[in-house]
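Participant: Protein chains in written order, with the numbering used here: chain S, 1 to 381; chain E, 382 to 642; chain D, 643 to 1054; chain P, 1055 to 1363; chain G, 1364 to 1603.
Please keep in mind that the hints were generated in silico from the structure rather than gathered at the bench.
Hints are not guaranteed to be accurate.
Dumping the calculated DSS-like pairs for lysine-lysine here, alpha-carbon to alpha-carbon at most 27 Å [said to hold, decoys possible]:
| id | chain 1 | residue 1 | chain 2 | residue 2 |
| --- | --- | --- | --- | --- |
| 1 | D | Lys-730 | D | Lys-1011 |
| 2 | G | Lys-1494 | P | Lys-1226 |
| 3 | E | Lys-573 | G | Lys-1494 |
| 4 | S | Lys-321 | P | Lys-1178 |
| 5 | G | Lys-1498 | E | Lys-600 |
| 6 | P | Lys-1226 | G | Lys-1387 |
| 7 | D | Lys-954 | S | Lys-321 |
| 8 | P | Lys-1226 | D | Lys-743 |
| 9 | D | Lys-1007 | D | Lys-1025 |
| 10 | G | Lys-1387 | E | Lys-579 |
| 11 | D | Lys-799 | D | Lys-827 |
| 12 | D | Lys-880 | D | Lys-942 |
Covered stretches of chain E, as calculated for chain S (at least 3 residues, CB under 8 Å) [as the list claims (entries may be wrong)]:
| id | region |
| --- | --- |
| 13 | 409-417 |
| 14 | 474-480 |
| 15 | 483-494 |
| 16 | 498-511 |
Ideal Cβ positions, reconstructed from N, Cα and C, are used throughout, including at glycine.
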Amino acid sequence: MLANIKQSKPAAYAGMAIFAVVLAVLPFVMGATLGNTWVRNLDLAMLYIMLALGLNIVVGYAGLLDLGYIAFYAVGAYVYALLNSPHLVPMLSGTGFEWLLHMPLLVVLPLAALLAGIFGVLLGSPTLKLRGDYLAIVTLGFGEIVRLFMNNLDRPINITNGPQGVNLIEPVSLFGHKFSQAITVFGIEFRSVHLYYYLFLALALLIIVVSIRLQSSRIGRAWVAIREDEIAAQAMGINTRNVKLLAFAMGASFGGVSGAMFASFQGFVSPESFILMESIVVLAMVVLGGMGHIPGVILGAVLLFLTPEVLRDVVNPLQDKLIGERLVNPENLRMLLFGIALIFVMLVRPEGLWPSKQRKAEFHEDDDLKAKDAEKEAAHG
Amino acid sequence: MANQANGEVLLEISGIHKRFGGLHALSDVALSINKGEIYGLIGPNGAGKTTLFNVLTGLYQPDEGKFTFKGIDLFRKKPNVVVESGIARTFQNIRLFHNMTALENVMVGRHVRTRANVLGAVFRDPKTRAEEAGIHERAQSLLDYVGIRKHGGEFAKNLSYGDQRRLEIARALATDPQLLALDEPAAGMNPKETDDLKKLMEKIRNDGVTILLIEHDVKLMMGLCDRIAVLDYGKKIAEGVPEEVKNNPRVIEAYLGASPD
Amino acid sequence: MTLARYSLIATAVLALAACGKQEEAPAPDAAGAPAAAAPAGDEVIKIGHAAPLTGNIAHLGKDNENGVRLAIEELNAEGVEIGGKKVKFEMISEDDQADPKTATTVAQRFVDAKVAGVIGHLNSGTTIPSSKLYSDAGIPQISPSATNPQYTLQGFKTAYRVIANDVAQGGALGEFAATNLKAKKVAIIDDRTAYGQGLADEFEKAAKAKGVEVVGREFTTNQATDFMAILTTIKGKKPDVIFYGGMDAQAGPLTQQLKKLGIAAKVIGGDGFQTGEYIKLAGDNAEGQFASQPGMPKDKMPGFADFDKKYKAKFNTDIQIYAPFTYDATRLMVEAMKRAGSADPAKYLPELAKTDYQGVTGPIKFDEKGDIVGGQVTVYQVKAGKWEAVATVGSPAAAPAAAAAPAEQPKQ
Amino acid sequence: MDIFIQQLINGLVVGSIYALIALGYTMVYGILQLINFAHGEIVMMGAMITISAVSILSGSGVNLPGPLLVVAGLLVSIPITMLLGFTIERVAYRPLRKAPRLAPLITAIGISIVLQQVAVLIWKNNPRSFPDLLPHASHDFMGAVITDLQILIVVLALVVMGGLLIMVEKTKLGRAMRAVSMNQSVASLMGVNINYVISMTFVIGSALGAVAGVMVGANYGLAYPTMGFMIGLKAFTAAVLGGIGNLAGAVAGGLLLGIIESVGAGYLGPITGGVLGSHYQDIFAFMVLILVLVFRPSGLLGERVAERA
Amino acid sequence: MSEQKTLLEVKGLQVAYGGIQAVKGIDLEIKQGELVALIGANGAGKTTTLKTLVGMVKPAAGTIIYNGEDSTRIPVHHYVSRGLAMVPEGRGIFPRLTVEENLWMGAYYRNDKAEILMDLERVYGLFPRLKERYKQLAGTLSGGEQQMVAMGRAILSRPKLLLLDEPSMGLAPIIVQKIFEIIRQIASEGVTMLLVEQNAKLALKTANRGYVMESGRITYADSADALLANEKVQHAYLGE
């Protein structure tokens, strides 16, 4: 991205500057007009953007359909939670491992990314030979297994605190300031939600930059090559095994970062936050937005996260006014709309709402690709 | 590398067997390809040419036999190792990365000769940038070399059939091969295109790349190859200069068909 | 990636924000259910209520909401003065979907709406994470039904509950099993949810303390319907009593399958299946099984009969479980405001801590953690297809062995 | 020993239900190489519709013996699920037959969500109790207990599966189904209407799903709108275990998975000294799924298909 | 010969895949009772032509008149009931059906069970090998036997016109001989046939008439004997 700025024209600089200002003031505009609930929603949306961008590497770039992606989010969340809450204190005290606790953010975050990445490789390696549906099902299984372990690793030794979850997770502390407290700079009060907003924004931007740079590197090209034609990619000397594992690891590490931030933001994690439906929602963000296309994925994440919040503000009041009774509840409606959207988009616009040129081409190749195949056949028939 | 005598063996296989279930697709195949030559492989449909090709490029693991390239043992090695050793290929049914541009396709071909890792990709250190620039430049010049530079920005699948064939060759050349294996590059081409292709292959050979060629167009093969091997039913039934092969009765029988009487 | 695209995203986000804003326009009442509208002129005090109003325990959430609503409408009708000014109360009710993440969003909405206090949440899993936000904002929170001990162990000054916690409930059940049922061997099953596991752990502790042998500890999930495998294992261990920590949707079929396998042990559990649904799902096999409910038996609650009448008249439906508790929580919160002469959380919070209130559910006093002092637990048994109270056990800490004497609550 | 036999019986009963559902997955997979994610929801619909039909019938004063009432309920639910299966294929899968594999998988998930939510809209999100209409007297079997209903389930499952096997092996439609699953274009050369055969596959699979749904409901005494996912996933695992696309494999896989789960939940705790226990019961299905797919993707009875480059 | 009824008439047939024309406007005519060979190099468009004749590929232009009716655009599964059968390239047997089930698939559209059973016996008469192995899964047969299954299956559809695509491909010479004997026998029973074959000599020795196809066009059309004797054809075929 930075390279792009260098090459771009003054108008572009201006656009960039305006955009930066918009992003900078957004939480205050939101907070003033809609309340801090919406700032909080922005914060959570940012976490989903990171998640979706991570899954985008696996599904969008490398074409590996992962239905258990939320497991890496969980790994990140638990890493942060366990190292920054009183839960492990009794177990670790006196063992010489107390230094594990309360590490600075700049250590914990890479650690969460690393551990999630290692999980990505562990879960990815047995699935390398599988394709399409089978890969989806196996990753789904892995996702559930991770959740079940988090739910049950409270016995015989209490590691995760099982279904009770981990509570009293410390907020992020940066430059000696705890994010749970408001801070006033130049007369502007930055509350907890605002501080988290800027932190998450920074991380999301970082992940965007990393995504873009990976995409336009030899690694990114190798991912796409594998997605397009694994055999041909092999024949180009690409070590498909390593390159796929790298995709799993990178995607997982983004998930890990996002999960760690989720834990600190919520102050509480429990296994019920990492159910299969979350994986499906994140996948839907990637697919509906536009696989492999960063702006599309971001759009998908924002839309799918915020729509239910908007529905919450709309459906119930509307029903109360119109029929005086709540026949349909927003959650029900949200899921119904979500399901219909998945079907509808796949049928009508399978490349997603905001696809890359590339993807658009791919999904509209029915006719001419069939033709090409047939043509080859003809060439040899 | 430049002054090595013609006749130096580049690739050598012997006693290669490959079975699929009950089908004995290759039995006891041996051949050697010399540096700098265009070596042809012909045979009727189903004779095992493509199977042999896949064995030589690592896509299939042979059941038994010997396979060396530049003296390196490549028996049962993975495709990426084979490519790294210097063998590149094209496919009978063109296998391009459809939804990448022509240029990107060729850039993928540079993968095996470049080293940038994730850190390099993310931080874009000078070394990585230089490497990336090199990839770009080399890919452009290869597109130029095969004569499709003006299509560099188009999706591979939108190129014409002939250009797709050329692109596949450019992509293979991007891996810096010493041996370029082409699987029916002229299939589906009209005479003009076939003629251009012939010139391209001669150019590639003159630039020092040895070529292994499968082709149905016997006419093309006779005019182009230095030596030809003929496969039938998974066995090599003849080998030699085109003139010999053409007059070999077993070859005639294999091609024109055994007389029913 | 072009800049144009970035600006497009920005536009999209802003557009969304704008949409949100328009939709939010009828703000105050849009956020919640139609509340008793406060007449203009009076100062309006907002009280938040949060519970799952959708999903599979929506009926319980609705019940909680009704309790708050009833209290507020009565208070408004009675006319309340705080600090010499007439005030009106307004309920903002939010759906937390029983989901921790949604619960924190809801909590933030309450904080934004500057509610004076919150009644909720229903589940422990939502009450605990949201309590942090209330604590940060200094807003008092009274949960009518979250029984996980963790809630009041976090050290938040704003967290209260008007119901006995799982330590009390599990302990009471353990004691009941040992004393009343004279169990020698028990098997314990939980559904691996925060609720089920927490209760089961407390039961196990209490049972062991009473010298009961725990012969088996098995697990299932809150989605399961097949319990044959674990019940078969348990059968081999011949327990007298089987404790189930979980909800009615599992307890019902579990009880049926128990009978199928010819296991004679009694089933005992917590408030998760002390419901009519359990009797329906377990069918004939429900007969004779036990489940507890925090609080006194309804017929022994001092003001219950009256409350029940009002509730039925107003909502034309039966009380599920917790409506009397939300009713009490609302009224005692307002009492604290009255005593403090202010609805400002900072001002009335100290008064809330000093609560000594005689509610429809019984006397309510808080200990230093915010837990109810001497919260009671009643054990019910299914008799002739209906739940009937068979024993009331006091919180072990406050009133050991006060099983038969619910009225003798320590008062100060 | 009696405990072990009891666990085997438990596994057999659950396994028969898995097997019946697994057939639906395996039929569709065999013919389209598509995981019909929505099949679990069909099972749920079958159960819920039957409960509603039965309660409406008995509510309107129809006085039939219990089993007949259940049959009457099935007569309502089976056609509806068949129609659902037909519609799902028509709307969500057929237009995507030539699309990248990801597309139908996602519509399948979408359909599954929609069906579940529609069920929540109709029946609310509470468990419905299945009326007590079928005989369930207990019998002693080598120290273990088995009820009439359990026997009925196993027998009915075997009969239905047998019927399906005969249909697929002996009838013209069955032969056409198998032919289509092997080579669509040649089958159409033989005069087989591919679309018709595929539709029939969904319709038949859905009918089996409805029967299985009623069995689940009757066996456990309840049904609820979100029951489809887990049971569907387990049945899918059973299908994979047996060799997806292989009918006999689905049956074997179902029974085996039922027994693995049952015996595993019963004995894992003691074997591992309490480290692992019945709380990992749900993991068995996933473990089996992963191990089979990774080490023997063709399943127990499926033939290994050499993958060609 | 001219009195014989024209069974198939193809006019100006063009088939295009994407931008490329695989078949560039060909005319073909097959009369009742003929055995016609279509020969040509790989990639000349022979298989595409055959596929178009049974509806598996839709033509870009041209008409196919079969038995006096325009059959250019009907669904694939309707062809067989009109008397058109094809033995596809690579045989296309159903590997996990038994031999007999494969044969029954040939009679899929028919409902005359008694007649089918008679035809089945006739096929077993032609291919005694298949009778020996009727219960075996077809995928376990040798290549030659599979070819027999494919041909037997086609016969069971009682075709008026049988299209054979590369029946000799991948088979050992002795089996090829055998297959061609049977082709001649089927022809002698009055079934009209169009044979696509790489083994030109064999094909022309078997057929009455032949077409030579090159790069999507018909370059020669003559009697089989004439084509066999034609040196240009030989050259075109062998390349020089």
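Participant: Which numbered hints does this structure break?
Facilitator: Hints 1, 3, 5, 6, 8, 9, 11, 12, 13 not satisfied by this model.
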